[in-house]
Amino acid sequence: MNYFGLFIQFVFITIFLLLLCFHALMAFSAKRAQNQTEIPIPQFIKWVMLINFVLILGSIIYIIIVRP
Amino acid sequence: MKLNSATTRAILKEGIPSALFALKQTDNKKKRLEEYEIIKCAPGEKILNVQRQHIVSFIIPLISQIFITILILFLVYFFYLYAKNINLNFSNTIVTSYIVLTVICSFSLLMTFTFLSWFFRFYIITNKVIIHRYCFRIGGEFSETVYGEKMHVQDIDRVAKNLFYDLLKIQDVYVYFHKLERENPFIFSAPANAQQIDDVIQRLIIESKSGQR
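One line per chain: the protein sequences are A and B, in this order. Using this note's numbering, you'd call the opening residue of the first sequence number 23 and step up by one each time. Using this note's numbering, you'd call the opening residue of the second sequence number 141 and step up by one each time.
If you're looking for bench data, these hints aren't it; they were derived computationally from the structure. Using N, Cα and C, we set each Cβ at its ideal position, and we do this for glycine too. Don't take each hint at face value.
[Claimed, not checked] Estimated spans, in silico, between C-beta atoms of each pair: (1) F29/A with Y217/B: 19 to 25 Å; (2) I83/A with E174/B: 45 to 51 Å; (3) G279/B with I73/A: 24 to 30 Å.
If we strip away everything but chain A, and leave its shape as in the complex, we get (with noise of 0.2 Å):
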């Protein structure tokens, strides 16, 4: 069992779902934003936090998936 493998996959999920988390926050700062001020988020950023999204559960698979 490569365990000095295992640590490297730990700490680097544990950055993704930091990562994660911050982006969470994010969104919810941008949806409160725009309660506050009625000014609409931009489509094309709407889109960007979903590839942020979409990039960041996938690399959390990957690196579950794919060991070193």
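Given chain A, work out where chain B should sit, using these hints.
Quick look at chain B alone, frame taken from chain A:
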């Protein structure tokens, strides 16, 4: 798409390209920033001017983030080439792919954060107050407000931050008040149109002196 009198006149006078331009303008009619209810106005208060920071305030950090990301990716690549010849306890190709994914995701998040910070940051001038409102904040809303009835403007100054901003005619607007009322000036940092802000505040000062506010 509606064919209105402006479009018909454009076709008759200047041909199809102008008509297409007129049609495009009708379709893409966006609300001005002043028309959104960014702040709740008190009775008798009306919004005179709302501006964001100049788009360059977003573009320069974005470009620097892109350069830093490219630099980090190069460093990771050189590390990968160097580590190829060393016998490690793990696959350095896979770890390199982890690092590259981390850098790309971080850059993407940072870029989105930078854009939203710029997009939801406003300078608002009403006939009663001057507000700097920063609506997109992870930690809650930030607002700096100066009430015109309590403060008296002593001087307005426009200064470019650096030579590059000076070339692009992007200026900060410093609004100085009486020292006893407010020691530090209220600063409009790189607004979209510094001249417009200057004009609006000058007009407010003139109106208040003539007792019309």
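Each hint, compared with the structure:
no.: 1; hint: F29/A with Y217/B: 19 to 25 Å; result: holds (24 Å)
no.: 2; hint: I83/A with E174/B: 45 to 51 Å; result: holds (46 Å)
no.: 3; hint: G279/B with I73/A: 24 to 30 Å; result: holds (26 Å)
In this structure, none of the earlier numbered hints is contradicted; all agree with it.
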